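Enquirer: Read off the chains here:
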Amino acid sequence: MSFGHKHILGIEHLSREDIFQILDTAAGFKEINTRAIKKVPTLRGRTIINLFFEASTRTRTSFEIAGKRLSADTVNISASSSSVVKGETLEDTARNIEAMHPDIIVMRHGASGAPHYLAERLDCAIVNAGDGAHEHPSQALLDLFTIREKKGSLEGLKVAIVGDIAHSRVARSNLYALTRVGAEVRLAGPGTMVPPGIEKLGAEVHHDINDAIRDADVVMMLRIQLERQGKTLLPSLREFSRFYGLNQDNLKLARPDALVMHPGPMNRGVEIASSVADGPQNVILDQVENGVAVRMALLYLVAGGEATEES
Amino acid sequence: MSILIKNGRLIDPANNIDDHLDLLLKDGLVAAVGKNLSVDADETLDADGKLVTPGLIDLHVHLRDPGQEYKEDIASGTAAAVAGGFTSVVCMPNTQPVNDNLAVTKYILSRSEEVGRCRVFPVASITRGLKGENLTEMGELKQGGAVAFSDDGRPVENGEVMRRALEYARPFDAPIISHAEDLSLVGKGVMNDGFVATELGLKGIPWVAEDAMVARDVMLAEYTGGHMHIAHISTRGAVEIVRRAKERGVRVTCEATPHHFTLTEEAVRGYDTNAKMNPPLRTEADREAVRRGLADGTIDAIATDHAPHHRDEKNVEFNIACNGIVGLETALPLALRLVRDKVMDLPRMVALFTSGPADVLGLDCGSLAAGQPADVTLIDPDCEWTLTADQLVSKSKNTPFDGWTLQGAAITTIVGGKIAWQRAEQQ
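Chains A and B, in that order, are what the protein sequence lines are. The opening residue of the first sequence carries number 1 in the UniProt record's numbering; numbering runs sequentially from there. The opening residue of the second sequence carries number 1 in the UniProt record's numbering; numbering runs sequentially from there.
This is chain B alone, in the form it adopts within the complex:
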């Protein structure tokens, strides 16, 4: 089985390539990259006017499987992933039961093998039951396929537990992913603290709740030498803390979501529950800091924090609505806006979806070097389309971007040398 992709603009940041090159995939691997390749392939794709990139990687999704399949499952979540151009997703452990033991990790891997449309890399929890007390059996979990550890959805509140997690995970080469917030400062807050919260009469979550915890976690990484990855960074202060830590050589990486670089707290006006997330949408200054951090390398990856919720969980009063939005099918066009807004160039944007996240977790993908897995995304950077929430592939439709006109989309997603998804012409 071979596929030849011709005439595209091939952007492969891992290998510093941005050129009009052909790409040959064979037997599930990248076989050749070159000018005007003339070989007989089983299938030839004309990528004239399109971008050819390594398959996109999402470091942060919630597939809700096992346990909350009414929101999403491995089949529907990975289908949404390939529709958004992703060939690899990293799924968080706050399932039911929690992915805190080898049985759940193995279930996720085997189920993904059976029904998954893309690669799935499970993250196991740092502590048993996400309770923040006892460490999970990290050695066995890492050997069994977990790529990192996180209590995502909750911070590890106890500093001693976080210190030991970093120390213990380090020899196993597993990053600790921190959902950084000081819960005592979050209190009963439901949106960013500030003028908009004041006007709407909603309880605020102050930026210092995130900054304080990011500062602690960065210091623990510095102290232990462990690798700390900050999930969904959203404040100006937290970006600056990571920037300075990187300058002095701390092993810290971080990711930002499309909603945090696209929207601000203004989106909450009208009490739109699809603008309710954790961390909350912040101010214009925070959004600007996140965009700068993405451009200058402080932030290593764009990750969606794809958080499917059922309609009934969003169609309620704002203060009791679930946090989060689906993100897999909107991430790429929202990131392309950054390029059009001249925040960054295309190769940098592609790096944030490919080599960036691959390097964070040491994944063997995100590159188009010969011999690498044949994970490829073909992108039409120009096509205009209107997002309709009901037409999302994901089981859940909770998006604040319903009705938005977007520009750019993945048109073909190839996983392991096989076409996993192709965008219909009329879309």
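Pulled out of the complex, with its shape left as it was, chain A reads as follows:
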């Protein structure tokens, strides 16, 4: 079965079958990452450009390693060293890159919709590595992969997503992905950080973290973007931590085997207490590990590969 999408712009346009195809493909790739020789020839001769207009360590490195382990040639371009500072338009920057015939552009941009804009104008495949406050599809997929790996299945699980929902692309992509595979999503955040109408996407909305995490199978904490918050969204980080931070006490409300997740980078002591971040229920580094396998799967599928037989 070949993959039905040229680009990965977001989860919104993926079906439940697409999502499982990606997860199953990733499962087949995961083992490669633990071999002594961590390389297969699958994408040999292909060129992948990581075009990052926003700072990123984890996601960019993960995509780069994913490409390299599939034997693709990967090139990183970051905005600070690109033509953007010279005032070149996004379209011109992208067209110049495309003239060098890459097969895939993995792209992160601060403007919501920027990868969609390029997908309309370029011939090569675009993989969205995060656009503004819109979507971060590879993050949601690696989160689903991790949950499925730990819990066996996704259907019927109760997942709490807590923090700054309004400005989070991780929250949107996870909301689309989790509801599509039959999980129940509860969102919780301060009144200033829950965007209007989000419940229409199929989530329960709470302003009390306890209501969201009670009996949850998974508690996913979002990063408070300290650098982005104006003074009006939160009175203080101290107050946020008291009302919306995850700690050993409120985690007891969740199921005893609940997973604790965080997309990173963490603000220890703000949205997540160190005792929980390092505690027995955390799967935070599993998320990072699985990120490589999931991104290998995405690159493989948009490069025209077929799904593996396993499922």
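Hints listed in this document are in silico derivations from the structure and should not be mistaken for laboratory results. If you're wondering where the values come from, they're calculated on a predicted model, not measured in any experiment. All C-beta atoms, glycine included, are put in the ideal place defined by N, C-alpha and C. Do not rely on the hints blindly, as some may be mistaken.
To be verified - Among the chain B residues that face chain A by a calculated CB cut under 8 angstroms, a handful are:
(1) Gly194
(2) His310
(3) Glu313
(4) Glu317
(5) Cys383
(6) Thr386
With the hints as your guide, set chain B onto chain A.
Expert: Positioned in the frame of chain A, the structure of chain B alone reads:
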């Protein structure tokens, strides 16, 4: 020079006329209106099956001249106007330099005399440099040809400045046109705040940003007795604020744009930068309120907010794209949809383009009474055509209606008794 227009349905709301009448124009003025006029004219136009109306008036355009002629200029903007059936346009002062002094007002008037295809009425700014601080020399500007004052593109944030502007302009009989938004509530928003913004991950502009400022401005008009005109009204709440103010006799008028009565925030999906405007496209309930306001007289005029932008200024990421669309060549067919949708009858629609805007600014046009300027628009209300952005007369092609099939168009536009534009047969 005389023109006789025969057999048309003549709709002249200023004089309560809706009848099959002939119209004679002579020496730049309306000479006669009557049944079966039989006079020798230099030219006779057969308007059988067509509407004959006073020349359309657009209260709100950006001609971008002086300063941004790469987007539009007085020649191209007025050419687009007559192609859309407009014989008069009122141009906003956010040019470069700003129209905040007599020299710029005079430039616009003399340039329009030289290259303009229709009448051009300049609006001067309320404050120098649109900075919201010092009032412009309103007396001199009004005498020199400015018809109103506005800092359009920006609100007058300081309530004291707006109060004094209303008080000072009042004896000069000049309305203050408010671009009403509370910038602190707008923040970095780029589209209407709500579910669609949530889904697209774009920062929202809440309706309360407009309602709060309209409420303040209406109260200042009530307090000062000055004439406040609200530009491009777009929210349910703002329409209701104006409706109630009018009921208690406040001197407030307002206008709405074709895009706000035609489109909603749904048009932003796909990150279409031609759906990015200020005020932003709103919800279905807001659109409905604007349509009701147009029908019941709360809203006085349809104005396009014609905002030409170069392709390069729209062909970018959504959050950095310029606000606004061109509107002169699509306003009439979009308004005719309101008639077909039974929101209003034809005379009301014509009033929103003629007597309505003329009354707002006290312009000596918008009527076909004998002795009035011979500004006339002939409209084919039925012809179907497909809009192609590239074929717009305007220098700029930023329209969200590209590819739309539209019904109705101006076929002949007459300014001062001279044919300024005729629609080609094949269109």
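Enquirer: If a hint holds in the structure, say so; if it does not, say that too.
Expert: Now for the hints, and whether the structure bears them out:
1. Gly194: holds (5 angstroms)
2. His310: violated (12 angstroms)
3. Glu313: Since chain A brings no Cβ nearer than about 10 angstroms to glutamate 313 of chain B, farther than 8 angstroms, the hint is violated.
4. Glu317: holds (4 angstroms)
5. Cys383: Where the cut-off is 8 angstroms and the nearest Cβ of chain A is about 33 angstroms from cysteine 383 of chain B, the hint is violated.
6. Thr386: violated (22 angstroms)
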